[in-house]
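Quick mapping for you: the protein sequence lines, in order, are chains R and Y.
Here the working numbering is used: the first residue of the first sequence is 1, the next is one more, and so on.
Here the working numbering is used: the first residue of the second sequence is 1, the next is one more, and so on.
One or more hints might be untrue.
[As the list claims (entries may be wrong)] Below, a sample of chain Y positions facing chain R; criterion: calculated Cβ distance under 7 Å:
#, residue
1, THR41
2, THR43
3, LYS57
4, LEU60
5, LYS112
6, ASN172
7, HIS356
[Said to hold, decoys possible] Okay, derived cross-link-like pairs now, DSBU-like style, lysine-lysine, Cα gap no bigger than 30 Å in a straight line:
#, chain 1, residue 1, chain 2, residue 2
8, Y, LYS57, R, LYS128
9, Y, LYS88, R, LYS135
10, R, LYS269, Y, LYS111
11, Y, LYS65, Y, LYS6
12, R, LYS80, Y, LYS29
13, Y, LYS37, Y, LYS57
14, Y, LYS88, R, LYS71
15, R, LYS377, Y, LYS78
16, Y, LYS311, R, LYS68
17, R, LYS421, R, LYS461
18, R, LYS132, Y, LYS84
19, Y, LYS6, R, LYS86
20, Y, LYS423, R, LYS27
21, Y, LYS112, R, LYS16
22, R, LYS223, Y, LYS423
23, R, LYS132, Y, LYS57
24, Y, LYS29, R, LYS408
25, R, LYS128, Y, LYS78
26, Y, LYS124, R, LYS71
27, Y, LYS112, R, LYS75
28, Y, LYS10, Y, LYS111
29, Y, LYS57, R, LYS110
Hints in this document: simulated from the structure, not taken from any laboratory.
Just so you know, even glycine gets a beta-carbon here, dropped at the ideal spot from N, CA and C.
Single-letter residue listing:
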Amino acid sequence: MHETLAEFALEYCRKKGAKYVEVRFEKKSYNDFLLKNSIAEHSSFEESQGLGIRYLINNNLGFIAINKFDKENIKSTIEKSINLTKNTKDFGEKINFSKEPVHKINYQVKQKKKINNFDPEDKLNILKEIDKKIKQIPGRYLNLSDTITEKYFINSEGSKITSIIPKIHFFAYLTIGSKNKTIQKHIPYGSSSGYEVIRKWNLPDAIENDVNILTKILKKGVKSPKGTFDLICGPEITGIASHESVGHPYEADRIFGRESAQAGESFVKKDMLKTQIGSEIVNVVDNPILENSYGFYLYDDEGVKSRNTYLIKNGVINEFLHNRETAHKMNLKSNGFARASDYDKETLIRMSNTYVLPGDSSEEEIIQETKKGIFMKSYQEWNIDDKRYQQKYVGSEAYLIENGKITKPLLSPVLEVTTPKFWKSIDMVGNNLKLFAGNCGKGEPMQGIPVFMGGPTIRLKNIKLK
Amino acid sequence: MKIAEKLKTKLMKKGASDVIISAINYSGKQIKFVNNKVVKTGTEAAQDISLFVAVNKKILTTSIKDINENKLDSISNKIIRFSKNLPKNPNYEGITQGPKKHKEISQTYDKKVLDLDEADLVQKGINKALEYSKRVSGVFETNIADSYLLTSNNIETEEKSTQLYFSIRALNNNYESGHMNSCSRTLNLLEVEEAAKLAGEIAKKAKNPLPGKEGKYDVVFSHMAFAPLLNNIAEAASIFAVESGLSFLSNQLNKKLGNFNLIDDATLPNGYNSTKYDAEGSPTQLNKIIDNGILKTYLHNTSTAKRYKVKTTANAGLISPDAFNIIFDAPQKDIFNIKKGIYVTNVWYTRFQNYHTGDFSTIPRDGMFLIENGKITKPIKNVRISDNILNIIANISGCNNNVKQLKSWEAETPVKTPEVLVKNVNITKPTD
Numbered sequence: 001m002h003e004t005l006a007e008f009a010l011e012y013c014r015k016k017g018a019k020y021v022e023v024r025f026e027k028k029s030y031n032d033f034l035l036k037n038s039i040a041e042h043s044s045f046e047e048s049q050g051l052g053i054r055y056l057i058n059n060n061l062g063f064i065a066i067n068k069f070d071k072e073n074i075k076s077t078i079e080k081s082i083n084l085t086k087n088t089k090d091f092g093e094k095i096n097f098s099k100e101p102v103h104k105i106n107y108q109v110k111q112k113k114k115i116n117n118f119d120p121e122d123k124l125n126i127l128k129e130i131d132k133k134i135k136q137i138p139g140r141y142l143n144l145s146d147t148i149t150e151k152y153f154i155n156s157e158g159s160k161i162t163s164i165i166p167k168i169h170f171f172a173y174l175t176i177g178s179k180n181k182t183i184q185k186h187i188p189y190g191s192s193s194g195y196e197v198i199r200k201w202n203l204p205d206a207i208e209n210d211v212n213i214l215t216k217i218l219k220k221g222v223k224s225p226k227g228t229f230d231l232i233c234g235p236e237i238t239g240i241a242s243h244e245s246v247g248h249p250y251e252a253d254r255i256f257g258r259e260s261a262q263a264g265e266s267f268v269k270k271d272m273l274k275t276q277i278g279s280e281i282v283n284v285v286d287n288p289i290l291e292n293s294y295g296f297y298l299y300d301d302e303g304v305k306s307r308n309t310y311l312i313k314n315g316v317i318n319e320f321l322h323n324r325e326t327a328h329k330m331n332l333k334s335n336g337f338a339r340a341s342d343y344d345k346e347t348l349i350r351m352s353n354t355y356v357l358p359g360d361s362s363e364e365e366i367i368q369e370t371k372k373g374i375f376m377k378s379y380q381e382w383n384i385d386d387k388r389y390q391q392k393y394v395g396s397e398a399y400l401i402e403n404g405k406i407t408k409p410l411l412s413p414v415l416e417v418t419t420p421k422f423w424k425s426i427d428m429v430g431n432n433l434k435l436f437a438g439n440c441g442k443g444e445p446m447q448g449i450p451v452f453m454g455g456p457t458i459r460l461k462n463i464k465l466k
Numbered sequence: 001m002k003i004a005e006k007l008k009t010k011l012m013k014k015g016a017s018d019v020i021i022s023a024i025n026y027s028g029k030q031i032k033f034v035n036n037k038v039v040k041t042g043t044e045a046a047q048d049i050s051l052f053v054a055v056n057k058k059i060l061t062t063s064i065k066d067i068n069e070n071k072l073d074s075i076s077n078k079i080i081r082f083s084k085n086l087p088k089n090p091n092y093e094g095i096t097q098g099p100k101k102h103k104e105i106s107q108t109y110d111k112k113v114l115d116l117d118e119a120d121l122v123q124k125g126i127n128k129a130l131e132y133s134k135r136v137s138g139v140f141e142t143n144i145a146d147s148y149l150l151t152s153n154n155i156e157t158e159e160k161s162t163q164l165y166f167s168i169r170a171l172n173n174n175y176e177s178g179h180m181n182s183c184s185r186t187l188n189l190l191e192v193e194e195a196a197k198l199a200g201e202i203a204k205k206a207k208n209p210l211p212g213k214e215g216k217y218d219v220v221f222s223h224m225a226f227a228p229l230l231n232n233i234a235e236a237a238s239i240f241a242v243e244s245g246l247s248f249l250s251n252q253l254n255k256k257l258g259n260f261n262l263i264d265d266a267t268l269p270n271g272y273n274s275t276k277y278d279a280e281g282s283p284t285q286l287n288k289i290i291d292n293g294i295l296k297t298y299l300h301n302t303s304t305a306k307r308y309k310v311k312t313t314a315n316a317g318l319i320s321p322d323a324f325n326i327i328f329d330a331p332q333k334d335i336f337n338i339k340k341g342i343y344v345t346n347v348w349y350t351r352f353q354n355y356h357t358g359d360f361s362t363i364p365r366d367g368m369f370l371i372e373n374g375k376i377t378k379p380i381k382n383v384r385i386s387d388n389i390l391n392i393i394a395n396i397s398g399c400n401n402n403v404k405q406l407k408s409w410e411a412e413t414p415v416k417t418p419e420v421l422v423k424n425v426n427i428t429k430p431t432d
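Next comes chain Y alone, as it looks inside the complex (with noise of 0.2 Å):
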């Protein structure tokens, strides 16, 4: 990419004191099934080229569709042109300084990807489920890219990745329904009929469901439940949120906020957002953000970083650190061993009073089941988690080790995660 390289220095000659040119070229597929048939396949080819620039603290991002020779000048011009007219940013502290080593990530890019047969592996996917129910719909995805950074503080990687996605919903009769996710870097890895299998029998265990009633309850939460949960605990980790007034988790750096263990790690193989770089080249690690319960560090860049005189942990996000990949784990235990609880598969609509003090609800959807004296008993429909995350946080109890990678409509960034006992859920429900 001589051509990035000559953008930059013309950038750099204009004034700017920090650039970074990132460029993706990509392709992707997608099958989106709908009662059992095929309703859309998807085609997508593009590229995209963006940039970030400081000029005197004066902060800017743009995307360009190419670059050749004959645009140059009047791309950098526009640029510079329009970061004269912006303020300073005082916080702005620069971006990571180069040379760095990129180490590899293993199992992040599968040759067999290119040439899946993908309606054979959807087609596998809804017999599955289909033997426990009587419709089925969802999508998979494949996602194959190359990616190229170049930064003004010497630093030049580039990487290839691809990704795979499916999601399958199983229906039967009204609010009889099971749903699961799984995501990969590598085919192999993919768990399809696994997914499509769990689906359904959930769709087939949640036969008449009845409305639940509102009480306090031990809440076992499955895969699909806790991960925009988990999604939630680490946007609210990300200092950009902290510094908005968005977070639970301000002013309680170091503290005991409960007994588990929340990783970000980047360089997580087969990790379906694992990059061996962030956006400003930082080569990436594992962070613990809560290490036994202790809330031990927030997500930074370099430039967050510097003004909290920490080290970066490789989250950019240039604006706004972001976690990659969130792994959590807690003591395990026989999770299912409960008195009187309910076991909540999947969860949407998850949405906040206060992003501050946590005061938030979330709905239960798909099967839902009243678990009495340590075992499942019946499917119930129509209540709300009504509580406080902070609450659910220090109330997790356990977990078991049925560990799966998804993401979901709810949680965009993938989670590794198992089964989660969460004791003493405030359950409410609806007036007829």
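Just chain R, same shape as in the assembly (with noise of 0.2 Å):
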């Protein structure tokens, strides 16, 4: 029914003198449990779908979202856009797609332990097995959800991409420690697949390590000192600095100034393309097609085929991010970065798998190599400011090494450095890539979106810390 749907509308926006159509048909069904100090307080099932509809009428860009459909209705809704958008031509930007091929597809994740044949108390269990664990923490907010997304996208070129992406994610939230001596941490985990990930995530095992790690640093940290040091940034730290100052200033649609109101603008400018940013070492990439990756698509919401897009290469900026119409402003392809949350919200340009490759030094060899050092493995406190340029980190685990050996766990060091800084500053590559799952968000309304980010463990030359 959805593709007479999709096909309906696509045709009526046509007949209403659209140049350009394109209908995305979503439909999601989504579980979610949560286990709050190990109690079940709320579960829930939901399903939605909806039309997102796209187009583009004397070059001006209309966007409707559709979750009642009949046809009259469908009717209405989209003669109501074509006038809005008529309404603001006067003073409308004239928008061009890049040329891109048709493409005519299914494609799907595929699970060997189905999201539908696992029942909630299954799901639940998962969470129990965790709390049980960490049983001794005070503030254990666990949380599972596992999500199908099946769309049909079709496009007035010819396209016809069909696709069904199930995801699962876990979150916790943890409070360790008594009365104003404590430490937070968030924890995700997500995969685009079924429920046999969870066995290689090991959760309780994995979560109590974490709760044992994070205790006896509230126990025996010291305060951590003042000055500069060479800083060692575990893979998570290296992994949102990479997702932050990498992957969102490299948002073409930010450097164009589209998001300007809300997500802000990016320092870094369209004729910085094949520039120096980072120490030669330095490889970002963004990577959608990485295999059950949490970020996972093979085609992008405008119907473009993903690939892996280097976006810093030996430390110079490679490529940025682009949908077809930041691609046609550049006069390039789409490297396809379209990707929209729901049904009801409109494509932006949004990163995927954004982590830095991993080089020839092993972990253990960097601390070796340092003399006067801080390694913050984790994170939990960060921000950056809106064009991507000055960002802070605040350690979770973290600890003091000295003349090649760790010798104290820290209690919450801060860096707080300019984008520039931090990637020059790399001077060390480990080897041991790791990816952590994210929701990024942009856009108004805002959109949260499934990402990886990561990289490897590296080191930063002369940093000063607070």
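Put the two chains together into one complex, using the hints given.
Structure follows, in structure tokens:
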């Protein structure tokens, strides 16, 4: 039925004068479970479906979201939308899309342990097993969710793409300690797969291990010294820095100012392409086709085939993230980063899986070669300005390094640094690539979208820490 | 909605103890403008039906696309089947008992929104800001909704609503920008040109900012800058956040935190989120969360209130009680009459190292200015507020009488706030 409706909507937009039309039908089934301090606070199952329609009329862009599927409603909503778009034509931006190949394809991510074969009890038991292992801490907020997204995409150029992508997401928010001496930590996991990933994650042991480490930090940690150090960043810090200060500022819609009102612009300008931004051993990619990754897709929400994209190659800005609009502005082909979080949201340029490529050194070697350093393995508080120029990370698990050895745990070291300084200071890149799940926010209304971010352990020379 | 009544009856017969069915039919429009041009129009027409069901203290929520006679059995069977596999929530204490009277709130529906010339309004906003700046970006949104609520505890009610939201950022050269929002339920109270003028004026004044210096400053927070902090305080006042260990207000009940008032009022005329009933049908009310600096209550629904032996504050959210419209005031004074300070006109990316202790930081964006000897002197950039929110609360020194209603990206719950002076705020900066 949805195919007929999508085609009907597309044809009706064309009949009303739209030169280009694309229609996304999306159906999502979603299950969510929350265990708060051992109590099953809330469980839910949801289904949503709707049509997201985007069109160009007189080169002005209109977007429509509908979840009432009778044809009269579809027609009247399209008419209302086209009227609104025409009303703004006197000060409407003339928008063009890059020419892209037509694709007709079906693809899906296979599930070995299917989401629909797991009943709510099985899913809650996953959380209970974790909870049992960490009962000694006062704050245990554990959340497990799964989603199956079915999409049917067509456009007026002839593309027709069907996809089914299942996702599993786990999130813990933990409070360790008591009274005013506490550490809090968020721990996210994500995957595009079925429930077979749960065994791989081994959550009860992994979360117990995190709790044990942070408990030790809280008990034995000393105030972090201030001054200039060699800073070793674990994969979690490398990951958030690559997401916040490489992925975001390389989004071409930011560079052109399209998100200037809310998500902001970028310190990176169009003419900075092919200029040095980091040390020569730095390579950062955004790779949507990484199998089972949380940000996985093969075709974006404009029907463009995705590919692994080098954002930084040997320290040089190599490519920006594009959709068809920004690619046309730069006389390029889109590299396929247009995504929308739901049928009722417009597509925007979004990261997928952004990470620093691994180098040659082992983590042990990096530590051994560090005379006076701080090893920041994980973080809790972080932020970055809306041009993505100055960032801050406050360490959760961190250690002092003296003469090549970890000597003592540290409490909350603070890195507050500019983006060029961060990426130009890297002098060692580890071989231990690790990826972390996140939900990235952008757009108005806000769209949260699943991504991976990560990298190996890296070392930054002579960094001031607070 | 006889069909909702039938679904409720079926669920009760099959073992449900509490049922809430809420339905909303809405239509929305959006104009997004960038660099003085419209880059997208958005039009939405949708309906949502959501259900809350308790079966012997097993709690679930779900949503369904539509209800018709043929689907009643399959929907109710699926819900009951799902609930059978859930454990009991021993903390659950039920929903409010009806019937209840829901008093109409004034200025929450405006027919003029139905026939609005959105393009004209946006053009006026853009033109006004362009008197002060080179380029302008933002959004204008309208929503029109019909809501309906039916519960198994003898509550059936409905309301109509309209909402308007305008957000505008004026930009000149790098780091020279200003941002202002306005939101309203009625067209005549939406401040389009006023917001545009303010955004433009800030952008103009922010010419050639220099990097700021670290240290302790008295900070004047403008409306946009203070709204995210108020949102964080209101979120911390939810009993859900307190129980989750995610509140710096836990163990602070009846303690003096500062010298100000914080109210949540869902009955506020023209309040952007005003509603006559909460998610379980309790008639909404004005709640003094912090009164003369003393934390008086957390935000509750019927179930959490029973557990704590207090009355519901009518802030359901069935899982997490939430604020509707946050209202702030403090003793009025000349807030710019300070020796060494900073005027912060907007912040973003407010993040906590520890919600329990309140350690956090947030980044000023848009125009930011040094205040020296009672005067705004020069624009600055590239600093961060790195402090503890309980310190910030304790150091609130006063406010002016320039009250505005707004919501924003960082302040999803609308606020009515003046500009506020906070003493002795810790300012940090990055290393180059």
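How the hints compare with the structure:
Interface hint at Y/THR41: satisfied, since its Cβ lies 5 Å from the closest Cβ of chain R, which is below the 7 Å cut-off. A distance limit of 7 Å between C-beta atoms decides the matter here; for Y/THR43 the minimum to chain R is near 4 Å, and the interface restraint holds. Against a cut-off of 7 Å between C-beta atoms, the interface hint on Y/LYS57 is violated, since the closest Cβ of chain R lies about 10 Å away. Taking 7 Å as the C-beta cut-off, the interface hint given for Y/LEU60 holds, the closest approach to chain R being about 5 Å.
Here the hint on Y/LYS112 is broken, as its CB sits about 17 Å from the closest CB of chain R, past 7 Å. Look at Y/ASN172: its Cβ only gets to about 12 Å from chain R, farther than 7 Å, so that hint breaks. Here the hint on Y/HIS356 is kept, as its CB sits about 5 Å from the closest CB of chain R, short of 7 Å. For the hint linking Y/LYS57 to R/LYS128, the alpha-carbon distance of about 18 Å falls within 30 Å, and the restraint holds.
For the hint linking Y/LYS88 to R/LYS135, the alpha-carbon distance of about 19 Å falls within 30 Å, and the restraint holds. Annotation: proposed proximity of R/LYS269 to Y/LYS111 is violated, straight-line Cα distance about 45 Å (limit 30 Å). The straight-line distance between the Cα atoms of Y/LYS65 and Y/LYS6 is roughly 16 Å, inside the 30 Å bound, and the hint therefore holds. Restraint check for R/LYS80 and Y/LYS29: satisfied, since their Cα atoms lie roughly 10 Å apart, inside the 30 Å limit.
Distance check on the hinted pair: Y/LYS37 and Y/LYS57 sit about 54 Å apart at the alpha-carbon level, beyond 30 Å; violated. Restraint check for Y/LYS88 and R/LYS71: not satisfied, since their Cα atoms lie roughly 44 Å apart, outside the 30 Å limit. About 45 Å separates the Cα atoms of R/LYS377 and Y/LYS78, which puts this hinted pair outside 30 Å; it is violated. With a CA separation close to 40 Å, the supplied pair Y/LYS311 and R/LYS68 exceeds the 30 Å bound.
For a cut-off of 30 Å, the pair hint linking R/LYS421 to R/LYS461 stands: about 10 Å separates their Cα positions. Of the supplied pair hints, the one linking R/LYS132 and Y/LYS84 holds, its CA atoms being roughly 22 Å apart against a limit of 30 Å. Under the criterion of a C-alpha separation no larger than 30 Å, the hint pairing Y/LYS6 with R/LYS86 is inconsistent with the structure, at around 44 Å. Of the pairs offered as hints, the one joining Y/LYS423 and R/LYS27 is violated, with about 51 Å between alpha carbons and a cut-off of 30 Å exceeded.
Straight-line distance between C-alpha atoms of Y/LYS112 and R/LYS16 comes to about 27 Å, which keeps the hinted pair within the 30 Å bound. Among the hinted pairs, R/LYS223 with Y/LYS423 is consistent with the structure: their alpha-carbon atoms are about 26 Å apart, no more than 30 Å. Using a Cα cut-off of 30 Å, the hinted pair R/LYS132 and Y/LYS57 holds, with the two alpha carbons roughly 22 Å apart. Annotation: proposed proximity of Y/LYS29 to R/LYS408 is violated, straight-line Cα distance about 57 Å (limit 30 Å).
Distance hint between R/LYS128 and Y/LYS78 is fulfilled; the C-alpha atoms sit about 24 Å from each other, no more than 30 Å. For the proposed pair Y/LYS124 and R/LYS71, the alpha carbon gap of about 36 Å is over 30 Å, so the pair is violated. The straight-line distance between the Cα atoms of Y/LYS112 and R/LYS75 is roughly 24 Å, inside the 30 Å bound, and the hint therefore holds. Only pairs whose Cα atoms come within 30 Å are accepted, and Y/LYS10 paired with Y/LYS111 is rejected, the gap being roughly 37 Å.
With a C-alpha separation of about 36 Å, the suggested pair Y/LYS57 and R/LYS110 falls outside the 30 Å cut-off, and the hint is violated.
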